[in-house]
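Visitor: Please put together the full structure from these sequences, using the hints given.
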Amino acid sequence: MRSPSPLALVKRQPWRSHCHQAFRRWYFSTAFQERPLLKLQPAVPDPWVEPSGHVLFDDLRRWQHPHTRLAAVVRAALSHLSSAPAASGGAHASPPPPPPPPNPAEGPPRPPAIPVPSEFPAIDAMGVEELTKILLDPKAYEELFREELRKAGAGTALEERAARNAQLAQENLDMESKFVEFKNHIAIVRSSEYGATKQAFDERVARLSEAAAALKPDKFLEALERRGAELEEQSEDLFARFMSEDLAVGDFVDQYLKIRTEVNERLHRHQAAQVGNLLWGPGCPAGSCGGEP
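Under UniProt numbering, the first residue of the sequence shown is numbered 1, with each subsequent residue one higher.
Treat the hints as calculated values from the structure; they're not laboratory data. One thing to keep in mind: the hints can contain errors.
Label-pair ranges, simulated between beta-carbon atoms [unchecked claim]:
| # | residue 1 | residue 2 | range |
| --- | --- | --- | --- |
| 1 | H185 | D218 | 46 to 54 Å |
| 2 | E147 | D58 | 26 to 34 Å |
| 3 | S209 | A166 | 53 to 61 Å |
| 4 | A200 | E233 | 40 to 48 Å |
| 5 | E210 | N264 | 46 to 54 Å |
As a list, the in silico DSBU-like pairs of lysine-lysine whose alpha-carbon atoms are at most 35 Å apart [claimed, not checked]:
| # | residue 1 | residue 2 |
| --- | --- | --- |
| 6 | K258 | K219 |
| 7 | K139 | K39 |
| 8 | K178 | K198 |
| 9 | K198 | K216 |
| 10 | K178 | K39 |
| 11 | K39 | K151 |
We put the beta carbon where it would ideally sit given N, CA and C, even for glycine.
Guide: Right, dumping it as structure tokens:
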């Protein structure tokens with residue numbers, strides 16, 4: 001058997017399924033009497049398709065010229081591959097992964113696939129010589145292809161798909177103008193309201209920082225020490241007045257007792273503030289460190 005000479009005819013058409021997109025090279029001998037070779041490029045997982053991409057099935061094995069029609073063989077291969085694109089009977093075949101669940105963030109669902117006809121009566125009625133001429137003439141093949149599209153209704157589906165794409169493109173353009181409008185509005189807000197709002201916010205943050213600084217433990221300890229020094233000075237002054245007989249005994253006792261009581265209270269608060277500062281750190285609030293100075 002002579003090795004077949006390839007006559008390559010490459011066509012990529014949008015109405016084909018993924019098997020049809022791959023099934024784009026037909027090889028047959030020059031005499032058209034030997035069994036033709038059908039090859040998929042690239043190969044798809046299917047019991048009829050070998051790892052090399054060659055298609056072999058019963059109708060092709062029983063090829064007898066002129067009793068077997070090439071159009072019928074090709075139609076049978078296309079019909080099988082379009083109806084079972086991912087069969088798992090072959091040794092090299094593997095089941096396809098399950099489709100992912102729909103994601104609302106991806107937008108509206110895609111339109112259904114364009115229907116692929118399983119029968120081509122016009123091609124089936126052609127003889128081997130006529131079909132060979134069409135395969136060798138790209139212009140004639142294109143005319144036949146468009147005619148089959150029209151009969152199958154795929155042409156209308158393609159027009160609807162194109163109109164839908166144009167509508168989506170126009171919607172995207174309309175959204176772009178809205179985005180520009182939003183951007184301009186944000187710029188206006190930033191130039192007018194944003195400045196005043198930012199200034200008021202900064203002022204409140206500064207006031208909060210000042211208030212928090214006054215409540216720090218070190219500030220609280222300083223206030224206690226200042227008040228303690230004032231009480232000690234008042235106590236010394238009161239004792240000097242009593243010793244110089246400028247103050248009666250009853251008045252001296254009442255005033256001196258009041259001053260020394262406050263001194264002792266301040267001393268206890270000072271000790272509590274020091275312990276809190278060691279235990280809780282500089283962030284110890286004034287209330288937990290002994291209250292007001």
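Visitor: Would you mind marking each hint as holding or not holding in the structure?
Guide: Structure-based check of each hint:
1. H185 <-> D218: 46 to 54 Å: Cβ of H185 to Cβ of D218: about 48 Å, so the range 46 to 54 Å holds.
2. E147 <-> D58: 26 to 34 Å: Cβ of E147 to Cβ of D58: about 30 Å, so the range 26 to 34 Å holds.
3. S209 <-> A166: 53 to 61 Å: For S209 and A166 the Cβ distance comes to about 59 Å; the hint holds.
4. A200 <-> E233: 40 to 48 Å: holds (44 Å)
5. E210 <-> N264: 46 to 54 Å: Because 32 Å falls outside the window, the suggested range is violated.
6. K258 <-> K219: Measuring from Cα to Cα gives roughly 25 Å; hence the hint holds.
7. K139 <-> K39: Measuring from Cα to Cα gives roughly 23 Å; hence the hint holds.
8. K178 <-> K198: Distance ~27 Å between K178 and K198 Cα, so the pair holds.
9. K198 <-> K216: holds (27 Å)
10. K178 <-> K39: The given pair, whose Cα atoms are some 52 Å apart, is violated under the 35 Å limit.
11. K39 <-> K151: Holds, at about 27 Å.
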